[in-house]
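Turn these sequences into a full structure, and let the hints guide you.
Protein chains: 4
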Amino acid sequence: MSKVNKVVLAYSGGLDTSAIIPWLKENYDCEVIAFVADVGQGEEELVGIEEKALASGASACYIADLKEEMVKDYIYPSLKTGAVYEGKYLLGTSMARPIIAKAQVECALEVGADALCHGCTGKGNDQVRFESAYAALAPQLTVIAPWREWDLRSREALLDYLAERKIPTTATLEKIYSRDANAWHISTEGGVLENTWNQSNELCWVWTKDPEDAPNTPEEVSVLIEKGEIVAVDGKAMSPYEALVYLNKKGAEHGVGRIDIVENRLVGIKSRGCYETPGGTIMMEALRAVEQLVLDKESFEFRESIGLKASHLIYDGRWFTPLCRSLLAAADELAQDVNGEVVLKLYKGQVTAVQKRSPNSLYSEEFATFGEDEVYDHSHAGGFIRLYSLASRIRALNEQKK
Amino acid sequence: MSKVNKVVLAYSGGLDTSAIIPWLKENYDCEVIAFVADVGQGEEELVGIEEKALASGASACYIADLKEEMVKDYIYPSLKTGAVYEGKYLLGTSMARPIIAKAQVECALEVGADALCHGCTGKGNDQVRFESAYAALAPQLTVIAPWREWDLRSREALLDYLAERKIPTTATLEKIYSRDANAWHISTEGGVLENTWNQSNELCWVWTKDPEDAPNTPEEVSVLIEKGEIVAVDGKAMSPYEALVYLNKKGAEHGVGRIDIVENRLVGIKSRGCYETPGGTIMMEALRAVEQLVLDKESFEFRESIGLKASHLIYDGRWFTPLCRSLLAAADELAQDVNGEVVLKLYKGQVTAVQKRSPNSLYSEEFATFGEDEVYDHSHAGGFIRLYSLASRIRALNEQKK
Amino acid sequence: MSKVNKVVLAYSGGLDTSAIIPWLKENYDCEVIAFVADVGQGEEELVGIEEKALASGASACYIADLKEEMVKDYIYPSLKTGAVYEGKYLLGTSMARPIIAKAQVECALEVGADALCHGCTGKGNDQVRFESAYAALAPQLTVIAPWREWDLRSREALLDYLAERKIPTTATLEKIYSRDANAWHISTEGGVLENTWNQSNELCWVWTKDPEDAPNTPEEVSVLIEKGEIVAVDGKAMSPYEALVYLNKKGAEHGVGRIDIVENRLVGIKSRGCYETPGGTIMMEALRAVEQLVLDKESFEFRESIGLKASHLIYDGRWFTPLCRSLLAAADELAQDVNGEVVLKLYKGQVTAVQKRSPNSLYSEEFATFGEDEVYDHSHAGGFIRLYSLASRIRALNEQKK
Amino acid sequence: MSKVNKVVLAYSGGLDTSAIIPWLKENYDCEVIAFVADVGQGEEELVGIEEKALASGASACYIADLKEEMVKDYIYPSLKTGAVYEGKYLLGTSMARPIIAKAQVECALEVGADALCHGCTGKGNDQVRFESAYAALAPQLTVIAPWREWDLRSREALLDYLAERKIPTTATLEKIYSRDANAWHISTEGGVLENTWNQSNELCWVWTKDPEDAPNTPEEVSVLIEKGEIVAVDGKAMSPYEALVYLNKKGAEHGVGRIDIVENRLVGIKSRGCYETPGGTIMMEALRAVEQLVLDKESFEFRESIGLKASHLIYDGRWFTPLCRSLLAAADELAQDVNGEVVLKLYKGQVTAVQKRSPNSLYSEEFATFGEDEVYDHSHAGGFIRLYSLASRIRALNEQKK
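Chains as they are written, first to last, in UniProt numbering: chain A, 1 to 402; chain B, 1 to 402; chain C, 1 to 402; chain D, 1 to 402.
Accuracy of the hints is not assured; some may be wrong.
Chain copies aren't distinguished; within one or between two, either way the pair holds.
[Claimed, not checked] Pairs of lysine-lysine, BS3-like flavour, derived with a Cα cap of 25 Å: (1) 25 <-> 3; (2) 175 <-> 236; (3) 3 <-> 345; (4) 3 <-> 88; (5) 227 <-> 402; (6) 345 <-> 209.
The set of hints was computed from the structure by calculation and includes no laboratory data.
Here's what the structure looks like:
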């Protein structure tokens with residue numbers, strides 16, 4: 001066990017990180033600083049969190065408001081790549097990890113800590129994401145991952161551990177589902193979901209209405225996009241975080257953004273989760289709609305391949321790498337033309353782009369319709385096809401000669 | 001103008017190909033054979049089609065039933081790749097073209113024709129798809145594309161052309177929307193859709209109920225999959241075509257499978273269409289759901305990249321190429337493990353996989369949950385992360401030394 | 001035939017473009033401006049070129065020195081992507097076309113021309129490259145491609161055409177090989193090369209010594225690289241063009257940079273050529289050598305995939321597209337770490353990087369060797385492997401249960 | 001420490017695995033079976049190996065001749081993908097590991113062993129390759145990796161360990177370079193190579209002549225290829241292994257197949273090695289030469305992308321995975337046309353394909369040359385280019401309107 005003096009812990013106020021504070025002090029004989037990242041997980045998780053941290057034995061508690069920065073510098077760039085993990089997952093937890101880790105590292109450097117600690121379990125992705133970020137940003141700091149070290153193996157053990165030390169907690173023994181939330185999404189795992197043949201139930205969904213309970217009347221929202229970034233919604237200029245909050249409310253009301261997925265974790269196992277990303281799902285649909293107007297065929301395909309690659313990089317916690325910077329640069333370049341306006345219809349769990357326009361649109365009514373025009377001459381197609389299929393023709397002629 | 005004696009025309013019975021028959025005879029002084037492909041476009045388009053062809057001047061009319069073969073040999077292999085064009089389009093028209101062209105070529109070879117003819121316009125994809133298939137399958141045959149040759153430039157001109165020749169037609173002047181259908185999908189273009197800022201209206205949708213008019217109660221269907229192919233639905237073994245027809249009915253009832261897209265055509269312009277693929281959308285969702293269970297992370301990513309590549313190949317009419325065969329072989333290999341059962345919920349335009357299981361599932365309740373197990377030891381993760389992020393660490397240590 | 005008043009012709013002084021001047025005047029009744037791009041094709045091709053152009057009937061002749069700009073803004077960015085077409089070809093002709101076209105367009109806009117003309121044949125790539133650049137940069141200008149219009153079908157016909165008009169030319173009837181040169185490379189096609197079973201002979205190689213005639217003693221050059229660009233050679237700071245000229249001389253002396261390739265042209269046919277890129281081959285090897293030191297595994301693979309994609313884009317004349325900009329941005333981002341020094345050995349046709357170092361090197365003698373170190377703990381590997389192969393293990397256990 | 005009864009060790013006869021036998025017996029109290037794979041590493045390494053194993057304490061020693069199978073079932077399929085790791089490395093060690101592991105597992109199952117053991121170090125790739133194969137083929141067996149367990153940390157310690165136990169060895173203290181050989185290649189690491197700024201010296205190269213010492217006269221070999229596999233050399237039918245041995249001799253004589261590379265290991269560090277693959281380099285060049293004739297543009301690009309992907313999979317020990325099978329299937333499909341004959345010139349370290357022909361060649365003298373022909377009409381190019389550049393044109397027209 002390394003000798004450390006001062007540890008900065010990514011603290012959530014939940015049962016796990018509450019137990020980690022005394023555990024660190026006892027096992028490492030060190031000072032513990034609680035670091036809380038506000039990434040939009042919700043007021044209820046932040047109220048009284050400083051008191052809670054101090055009561056658990058932290059010597060100080062710092063809270064960093066990262067909400068606006070997260071949407072602007074992590075989510076918007078990711079959206080430009082079109083990253084969707086394994087065809088479904090909008091990377092809600094993944095995108096929050098690097099910014100939390102970065103702010104935690106900055107806190108650690110500021111307070112002169114020599115170690116970093118997180119409360120992620122040993123079977124999950126988040127440990128990899130946190131520690132990959134630490135490695136890239138502060139390789140000199142020691143990393144402590146209690147879940148891979150201690151022998152506390154159940155919720156009950158944690159509660160006992162706190163009770164023995166008379167540390168107050170509001171956590172209860174009964175907690176079937178494990179959740180993670182930030183401004184972009186909330187995830188639910190465990191319980192009934194552990195058998196893939198079980199259907200999810202109402203406990204698996206937190207933010208969004210069940211589509212069956214959503215309004216019977218559709219609602220429209222309009223989104224204005226500049227260089228691949230949403231700059232206004234329903235006619236009102238909004239910051240990235242404001243736009244997300246606004247669209248979250250709209251989407252949730254209409255049951256938009258639910259997915260129930262079995263995914264490949266980075267550590268080699270599969271897990272199942274129910275994820276809700278109401279506003280994000282609307283944003284994604286809006287961006288893709290403008291792309292339909294402005295990206296040419298080869299650019300669209302490349303944007304899709306970037307998105308596929310980026311989805312793995314982001315999921316895998318590779319944010320602070322040259323490769324990720326390279327992909328984001330490629331996507332940002334393509335996004336220079338992604339300007340326009342989209343009207344989206346929300347209804348019973350679905351979001352559909354029903355109107356779209358762009359000053360950069362390559363679509364032209366004149367070109368697309370039946371008749372002749374100045375740009376497109378029907379006769380061009382003959383030559384095009386001939387050369388386009390020439391290798392096939394030569395190959396077939398070859399075969400016939402045999 | 002090449003000299004030809006006998007032409008086999010891909011004949012639909014519509015206005016265009018009806019005019020093409022006399023036009024060919026007059027301009028090429030040749031015999032015209034009408035070839036009709038039954039790809040599930042619907043009874044109403046086939047009733048009396050032979051009489052119609054003969055009345056237009058064809059010397060013979062052959063009808064080939066390609067429905068089962070199309071689903072089995074073209075659609076199912078494509079589904080294994082996961083091909084979706086530009087993120088939305090299930091390639092309905094694209095997948096039908098190669099099989100029609102192939103059967104048309106076979107007909108031409110059988111009747112000793114020296115030319116092939118199609119009625120596709122000069123601005124579309126289908127001319128490329130037909131002629132690319134011709135080039136690969138019968139490069140020795142002359143290809144005639146009347147739309148790129150004649151000076152008939154409007155519906156009115158075509159009607160006049162037929163009237164002058166006293167050829168009967170049921171076509172009317174007023175036809176706002178252009179449609180194409182086969183067992184897999186129906187597409188609608190033109191009219192109000194020509195301005196991307198217009199919303200689609202009820203005329204743009206043919207097969208599927210408007211989600212708002214769909215039943216208020218969800219319905220479930222169950223699908224059994226073997227090696228990436230659907231072999232039974234709702235407990236009943238079905239052939240590929242039967243399964244599609246069955247799921248089309250279910251999907252259409254619930255408004256499933258509508259998309260409204262602006263896409264890049266192969267010929268360099270963009271066009272907008274409303275496409276309905278009710279059964280196909282269910283099939284696609286079912287396959288992807290089993291893949292979630294059985295494909296490991298790298299295989300899933302590769303399957304997605306194959307799908308992206310295949311979507312362009314298929315859209316672009318490259319079916320009969322070595323590259324397409326190579327992609328299909330790769331996808332088929334991955335599909336060997338895609339076995340399982342999925343329950344899907346249909347509701348108001350959405351299809352959602354709500355239950356899934358597979359004998360090849362890599363998901364394991366034991367591994368995924370919190371506790372220790374025999375396969376996964378929490379402590380492994382520490383070493384994994386260390387090596388996983390080692391290059392980042394070395395890079396960062398390097399930077400610090402500067 | 002469109003009506004044009006003033007045409008700017010990409011003029012080389014060769015037989016083809018000499019005939020094009022009078023042909024344009026006669027057939028289009030227009031003024032012809034000769035535009036000459038100096039891309040390092042060699043003094044002998046530029047001497048007296050203005051007089052020649054005027055003697056052929058041009059009203060003016062402009063010569064633009066593009067040498068430095070070509071290497072700096074076209075070749076260096078391409079090198080960062082690692083683009084090599086079909087595994088061999090360093091894109092010598094391809095990279096010169098966009099800059100020539102761009103300068104030609106600028107000339108046309110300046111002199112108020114309404115048309116652009118080039119002398120590329122109808123079976124080659126260059127027509128596509130020129131006209132794709134024109135389309136992107138000046139779509140309003142008419143494009144004239146005489147080789148696709150006139151009925152002059154042989155060298156003899158061209159000579160007769162000039163003789164009839166008493167236009168002097170130094171061209172002779174006997175010209176077996178067709179060549180194209182710029183600072184980066186020289187290509188040779190035709191003659192004995194037309195049969196792929198023939199070996200090339202001494203007429204197929206112009207710049208470089210036959211390796212068998214090259215010095216029996218190897219020579220070393222050292223190259224300094226900053227952010228993926230060569231900034232000094234053999235200890236002397238050099239501009240991009242200077243570095244290329246210097247390395248061309250060294251490489252040519254040692255027979256470096258010859259390839260004899262059958263390649264896929266963009267227009268669907270294959271052609272064979274002998275290409276010499278002496279300096280470029282050295283540059284490429286030098287860059288790749290530094291990349292070995294600084295790029296991590298995933299970045300290296302992505303750089304290779306960018307290079308593959310870029311090779312086609314550049315070959316295909318897609319330089320002035322959003323997609324190309326996107327790829328170049330991605331490559332440039334990765335090149336930020338490509339700093340270092342390489343010593344290369346030239347010998348009998350080969351160039352080999354024999355020494356390399358970089359301030360950004362991820363290679364560390366300490367880490368790479370046998371023993372323990374602070375960064376790498378042997379025991380980490382056990383956990384790494386376990387998780388790395390976990391999906392395989394689960395899959396195999398699964399299979400055994402069946 | 002797991003309890004095991006009988007271990008099958010991948011035994012090489014070298015110092016490391018000689019020490020492992022007694023170490024296993026002492027530390028695991030188990031029977032040890034030595035398994036020797038003959039993959040063409042050379043007679044001198046196999047002579048007396050059984051005696052050696054028994055003298056070290058093994059209860060039995062099995063030798064499996066895998067030479068022919070390795071070339072046929074591992075190397076030839078890999079060659080079809082075109083896999084070259086990080087642009088240079090022909091995967092010599094990587095391709096041998098899966099077949100050795102597979103044969104070792106088969107041996108273990110046959111003798112009823114409950115554990116597998118290898119002598120790979122904890123910083124290398126081979127431990128991952130061996131154990132990934134074990135996980136896929138026999139997940140139920142325990143894996144022992146002594147280098148990650150014991151505290152013997154130097155050559156000296158190993159010699160002492162053997163001496164204490166009176167186990168004879170021919171190993172000496174002084175061994176600067178570490179080597180690995182099989183029929184395909186030999187690698188050399190360590191010593192002077194540990195500093196990337198050092199040039200390699202004569203001790204770094206074992207099989208091949210220094211190009212400077214190679215014959216001054218070039219030599220030609222001819223290779224016959226069927227479906228991507230070499231079936232005859234210099235006019236004589238040869239099995240895969242025979243062809244490799246024959247070409248190794250030719251190549252080595254001319255100094256062909258040397259690379260000196262810094263590569264990214266799978267475990268996150270970089271290492272430098274000198275690799276010699278004389279015959280393999282000739283084989284690779286021969287295959288690529290036929291591909292130039294037979295693969296169309298898109299197929300060639302896809303083959304290259306498969307090769308890139310396969311190079312990582314193979315390097316990373318992913319042979320026995322669905323993804324690897326999928327890639328090999330894709331490559332094999334493309335290889336169906338790779339038939340032909342190539343003459344290659346060997347000279348002073350270089351191998352160059354100087355003549356090539358194929359019954360499937362898409363190259364045609366008629367099409368490639370200047371004049372008109374039946375297949376290619378110059379005028380087709382005009383239409384082709386127009387549509388090919390249409391999106392660029394529309395985009396530019398758009399920009400001008402702003």
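* Asked: Which hints from the list above does the structure break, by number from lowest to highest?
  -> Hints 2, 3, 4 not satisfied by this model.
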